[in-house]
Amino acid sequence: MSEKVLMKGNEALAEAAIRAGCRHFFGYPITPQTEVAAYMAKRMPKIGGTYLQAESEVAAINMVYGASAAGARVMTSSSSPGVSLKMEGISYMIGANLPAVIINVQRGGPGLGGIQPSQADYWMATRAMGHGDGHIIVFAPSTVQEMADLVAKAFDLGDKYRIPVMILADGLLGQMMEPVILPEPIDQENLADKDWALTGHQDQRKHNTISSLFLEPQELENDILKRRERYLIIEQAEPMAQVEYMDDAEVAVVAFGAASRIARSAVNKARANGVKVGLVRPVTLWPFPKDILSAVGDKVKALLCVEFSTGQMIEDVRLAVHDKVPVSFFGHTGGIVPTPDEVVVAIERMVAGEQFHILPFKSRLTGGAS
Amino acid sequence: MSEKNESFSLPALTIVVGHYGVGKTNLALNLVLLQRKTLQGGKTSQALVDLDIVNPYFRSGDFARGLQTLGISLLGPVHGASNLDTPSLMPGIDVAITEASPKHPVIIDVGGDADGARALARYASMIENQPDRMVLYVVNSARPEVSTPQAALQIMREIEETSGVSITHIAGNTHLKEQTTAETVIASLPYVLNLAVDAELPVAFVAAPRSYAAEVQDAAAAGLRTTTPVDIQAVEATNAQPAPTLCILPIDILVGCSWEALSPLVS
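For the protein sequence lines, the chains are A and B, in the order given.
The first sequence runs 1060 to 1429 under our numbering.
The second sequence runs 89 to 355 under our numbering.
In short, the hints are calculated from the structure, not lab data.
Treat the hints with care, since some could be wrong.
The calculated lysine-lysine pairs, modelled on BS3-like cross-linking and capped at a C-alpha distance of 25 Å, are [unchecked claim]:
(1) B:K265 <-> A:K1063
(2) A:K1360 <-> A:K1335
(3) A:K1328 <-> B:K265
(4) A:K1328 <-> A:K1285
(5) A:K1265 <-> A:K1219
These numbers come from a predicted model, not from an experiment.
Starting from the given sequences, assemble the full structure and let the hints guide the process.
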């Protein structure tokens, strides 16, 4: 076991990727993820890898496409506006069944937005990562340790299902420092062969083709349906969530990533006041842990979503619990991080039987619209 | 803590440099609060310069309001009203450096690594003309990129080369944030001393969380000479202090706390 070191979230993502066998990184600087690229720029030349700062995010994601097609473990990272630019390339990778790890250290949007933490790319990541009928796997870590641990899992699942995988972090997690035990480096020899990769057939096999172009509609539909079968397997096998304080819970808070840390503080405070409140933290956002949420929905009287947005994951929560129980929302957006005390007030209002969707500009917690 | 540490005094100009994430801003804030205690009486002033124009997160400028209430001037990058990522340097920094004096001391919190120290180069000649100065190279052995004395020395040389400013002292600041224990700091003492030997520089102090400082002090005095691989003769041959005379500086975790939570520390 490695010893405990102090790392910034962005550094941990980069080092964990290297330890998971990533030797190719293509990116472009943008706050608050720049340390990922800076770390790769320093480390890759020392270990025989490639670090390349592309001329744009669009160029970077297409380099990722190329390296992935050649069978490499490859990563890119950016922050919200930069990820918007990468979407075309990601759609092409979905269509071409190419794995890669894409880091999004979210900041405020839309447009240039701001540089402070946000979770407002939930819809982008889980619904519309580019055009067409497609999905990517989305992980939402909540600690620096989990950032390090989920990167290796992201590479493994990407290769297993031939699908791009996103680590959806935010400026808070990317910039914060925490003690972390880094995963042991993998043995590259143990990685499964990618018999589909463009590695040169040496006249020993039929040549491989990697493309997302199907001009014949029936061929395209067949291809999409084949991929959908894989999605169904992923939806069965891969959902992850952390469920806490549920033994006696009468209500529960649902939050992912950095928001779950604030939610946990609030849950502890509310419990100290005698409120029986649980906490559910989706770790995979796609596939969304529907069954886990549904089971929680059967146990509690009400749910509260806490997000750094105006409310996006709440739609998945409502679908998962089939609106059997009221689902309320509290959050801040634009780079403002909610405080535990604000969340405690929201919990108390939920316990009192209110259903609400409070935005900060609705005079904070005093008079939010339902 | 002992009288010696409470009376720890800083020169007219203190500059804090180091690898990013070692705790420079937290240390600079501690130093400015410590210095405030020694400046009571007479017509005095204090300034903290936030020279970190590399990273817009976690900087001493985040404490502007709290520093203001204590009467400490903060000279920071100009970024409109918030943490924009295109900051520029204030003209007042030149005057602060050239006119720093024991009654009007200045502490400069520099950005991480050589990249962050580049902003210092602009002031290099003014700094060299200020005889009453201390340039602290802050190290934290829990940071992977400076976890050995050799790696720390290399980054130190890069900072000196880029900034054109010579480092004068080593400052130990090994910590694991909230998971820091006395053992975390004690285990780092040989690292700090070995770096001091390699760098041929004295150790200004080793910072330790206030609640563990006494324990670290005792350990340094009692055990270090015989139980660690430090070559004490080599330490004594340079200007670096041997372990028993190491100054252990009690500090508080300020960065990441709200200013309100800190008020008991400064009252």
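Exercise. Hints broken by the structure, by number, lowest first?
Worked result: 4
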